[in-house]
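Throw the hints in and build the complete structure from the sequences for me.
So the protein lines, in turn, are chains A and B. All letters in the first sequence, in the order written, are residues 202 to 596 by our numbering. All letters in the second sequence, in the order written, are residues -1 to 81 by our numbering.
You may find that some hints are simply not true.
As the list claims (entries may be wrong) - Below, in silico cross-link-like pairs of lysine to any residue (SDA-like), each with a Cα-Cα straight-line distance of 20 Å or less:
{"id": "1", "chain 1": "A", "residue 1": "529", "chain 2": "A", "residue 2": "519"}
{"id": "2", "chain 1": "A", "residue 1": "381", "chain 2": "B", "residue 2": "70"}
{"id": "3", "chain 1": "A", "residue 1": "381", "chain 2": "A", "residue 2": "300"}
{"id": "4", "chain 1": "A", "residue 1": "360", "chain 2": "B", "residue 2": "63"}
{"id": "5", "chain 1": "A", "residue 1": "311", "chain 2": "A", "residue 2": "407"}
{"id": "6", "chain 1": "A", "residue 1": "465", "chain 2": "B", "residue 2": "18"}
{"id": "7", "chain 1": "A", "residue 1": "236", "chain 2": "A", "residue 2": "280"}
{"id": "8", "chain 1": "A", "residue 1": "333", "chain 2": "B", "residue 2": "15"}
{"id": "9", "chain 1": "B", "residue 1": "43", "chain 2": "A", "residue 2": "480"}
{"id": "10", "chain 1": "B", "residue 1": "43", "chain 2": "B", "residue 2": "22"}
{"id": "11", "chain 1": "A", "residue 1": "488", "chain 2": "B", "residue 2": "37"}
{"id": "12", "chain 1": "A", "residue 1": "465", "chain 2": "B", "residue 2": "55"}
{"id": "13", "chain 1": "B", "residue 1": "61", "chain 2": "A", "residue 2": "335"}
{"id": "14", "chain 1": "B", "residue 1": "48", "chain 2": "A", "residue 2": "463"}
{"id": "15", "chain 1": "B", "residue 1": "19", "chain 2": "A", "residue 2": "476"}
{"id": "16", "chain 1": "A", "residue 1": "331", "chain 2": "A", "residue 2": "321"}
{"id": "17", "chain 1": "B", "residue 1": "19", "chain 2": "A", "residue 2": "481"}
{"id": "18", "chain 1": "B", "residue 1": "19", "chain 2": "B", "residue 2": "29"}
Said to hold, decoys possible - Derived, one-sided and incomplete: chain B residues facing chain A with beta-carbon distance under 8 Å:
{"id": "19", "residue": "21"}
{"id": "20", "residue": "54"}
{"id": "21", "residue": "63"}
Hints were generated in silico from the structure; no laboratory data involved. Since this is a predicted model, take the numbers as computed values, not measurements. Don't be surprised by glycine CBs; every beta carbon is placed ideally from N, CA and C.
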Amino acid sequence: MHNIPEFSVSEITSLAKNILEQNFERIRVKGEVSKIKENKGHLYFSLKDENFVLNAICWSTSVNFLQVFPEEGMEVIAEGKITTYAKSSISSYQIKVDQIELQGEGAILKLIEQRKKKLQAGGYFDQKSKKKIPFLPKKIGIITSPTGAVIMDIINRVKDRFPVNLIVYPVSVQGNKSAKEIIEGLNFFNKKYAVDTIIIARGGGGVEDLLSFNDENLVKAVYHSEIPVISAIGHETDFTLLDLVADYRASTPTAAAERAVPEKKLLLEKIIFINKQLSSSYSLYLKELNENLNIVMQFLNLNSLKNSIKTKEEKIRGLHKSTNQLIKNKMKYLDLNLNNTFSRFRNLDIKQVLKRGFAIITDENNKIIKTKNSAKKNKDILIEFSDGISKAKIF
Amino acid sequence: MKKNSTSPDIAKLSFEEALVKLEEIVGKLEDGSIDLESSIEEYTKGIQLKNHCEQKLKEATLKIDQITINKDGTFSTKEFKNS
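Put into structure tokens, the structure is as follows:
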């Protein structure tokens, strides 16, 4: 019995602590993340495989430096040290994690695929919610690393095509802070500094390097951005979830610049061309109008009007002729008639009667005296014979 | 009198809207679907639209700013320099 060593709780706790912590001071543990909880910035979770489970903790001071933020079901390699815990009612050991990696490319792709399905089901990649990229932006916000070739590629291409105001929002383009910073950049342009278009850009890289562009919260932030977003991540062959949610996916940063601004030279040429079209079409319009007018005038003048006048003239001439004839005939007729009437009238003439031996007796006032009674005594009378008038007195 | 009222409308147009309107006017003049009086108006409007488009192109100049977010949450801009 006495060969069996005997310790106090504190002694054995201390010894166990020393053994574990000294032997496993820097280790990498492969496992699947489960039961993840966050409290005051610290992360508590488990790493498990098919048989066993290992408690894990990541203090808030380390969380900020994690390359990968652990998620339920994620297959990771956690780096850190084994520590022990023996207080209250618990005595246990755990791994204190200060770095997390995904278990190779396969695990990353699996994770991205899972997220993709989830976000797709949530409608985040729907074509109908894509915003139109402005044709002629005044300001373009660029969320990228302020160093390196990518930003220069964009600036140079924009400069060549259509110089506008570019606003660079610097972010880290990989690492666990990257996604958060890019989201802050999106919020900045949406809320504090209005631009017409946003470009999120990064150069090429491995699947792990591009991980922040597959971040779920970033996808949601781009989806909710009121400003259209162009994504330009890596090379033609690199595809990220950001590319799927972006309003336009450019295969390279240079292509993003080309989509963001039109070519000024072409636009100027177009305006010159359309201006020529405007003047030529207008003068053509006026010319045609003038020709039409001439045609109408000609038609009116020569054919219609002249003919009309001519026929009217002929008609008038004809009318005139027949009227003349009519008048002449009528006149002739009237003439004859008149002569006839006239000679008949002459027969009625008193003078002819006087010639036959009658006489007319009038008073001094030339009033005809027709009866014996009206012939007053001692009055002078006038007797009109056919050849003259004689004075006489009634006795 | 219409001329005065169209100018502010045109000033509000974006480059591409103005260009579309300009093309419409050219179309109308080309097919001769308008009368003489409105053709004068349209032509004048066309000239204004063309000037507006040119102005829009002239306005654009290259300027590159970089944003810095300060610790208190405010931000400042400075000229961009690729380091």
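Right, here's what the structure says about each hint:
1. Straight-line distance between C-alpha atoms of residue 529 of chain A and residue 519 of chain A comes to about 15 Å, which keeps the hinted pair within the 20 Å bound.
2. Taking the CA atoms of residue 381 of chain A and residue 70 of chain B, the gap is about 18 Å. The hint holds against a cut of 20 Å.
3. As the CA atoms of residue 381 of chain A and residue 300 of chain A are separated by approximately 18 Å, the hinted pair is consistent with the 20 Å bound.
4. The hinted pair formed by residue 360 of chain A and residue 63 of chain B meets the criterion: a straight-line CA distance of about 14 Å does not exceed 20 Å.
5. Taken as a hint, the residue 311 of chain A and residue 407 of chain A pair is honoured in the structure, with Cα atoms around 15 Å apart against an allowance of 20 Å.
6. The suggested pairing of residue 465 of chain A with residue 18 of chain B holds, with an alpha-carbon distance near 17 Å, which does not exceed 20 Å.
7. Between residue 236 of chain A and residue 280 of chain A the alpha-carbon distance is near 18 Å, which keeps this suggested pair within the 20 Å criterion.
8. Of the supplied pair hints, the one linking residue 333 of chain A and residue 15 of chain B holds, its CA atoms being roughly 14 Å apart against a limit of 20 Å.
9. Between residue 43 of chain B and residue 480 of chain A, the direct Cα distance comes to roughly 12 Å. Compliance with the 20 Å bound is thereby established for this hinted pair.
10. Pair hint residue 43 of chain B plus residue 22 of chain B holds up; C-alpha atoms about 11 Å apart against a cutoff of 20 Å.
11. The suggested pairing of residue 488 of chain A with residue 37 of chain B holds, with an alpha-carbon distance near 13 Å, which does not exceed 20 Å.
12. With a C-alpha separation of about 7 Å, the suggested pair residue 465 of chain A and residue 55 of chain B falls inside the 20 Å cut-off, and the hint holds.
13. Proximity of residue 61 of chain B to residue 335 of chain A is assessed by CA-CA distance (about 19 Å); at most 20 Å being required, the pair is judged to hold.
14. Annotation: proposed proximity of residue 48 of chain B to residue 463 of chain A holds, straight-line Cα distance about 18 Å (limit 20 Å).
15. Of the supplied pair hints, the one linking residue 19 of chain B and residue 476 of chain A holds, its CA atoms being roughly 12 Å apart against a limit of 20 Å.
16. Of the supplied pair hints, the one linking residue 331 of chain A and residue 321 of chain A holds, its CA atoms being roughly 14 Å apart against a limit of 20 Å.
17. In summary, the hint linking residue 19 of chain B to residue 481 of chain A is supported, as the alpha carbons are separated by about 17 Å, within the 20 Å threshold.
18. A C-alpha spacing of about 15 Å is found between residue 19 of chain B and residue 29 of chain B, which places the hinted pair at or below 20 Å, so the restraint holds.
19. Taking 8 Å as the C-beta contact cut-off toward chain A, the hint placing residue 21 of chain B at the interface holds, the least distance being around 7 Å.
20. Here the hint on residue 54 of chain B is kept, as its CB sits about 7 Å from the closest CB of chain A, short of 8 Å.
21. Hint on residue 63 of chain B holds. Least Cβ distance to chain A is approximately 5 Å, under the 8 Å limit.
Of the numbered hints stated above, none is contradicted by the structure.
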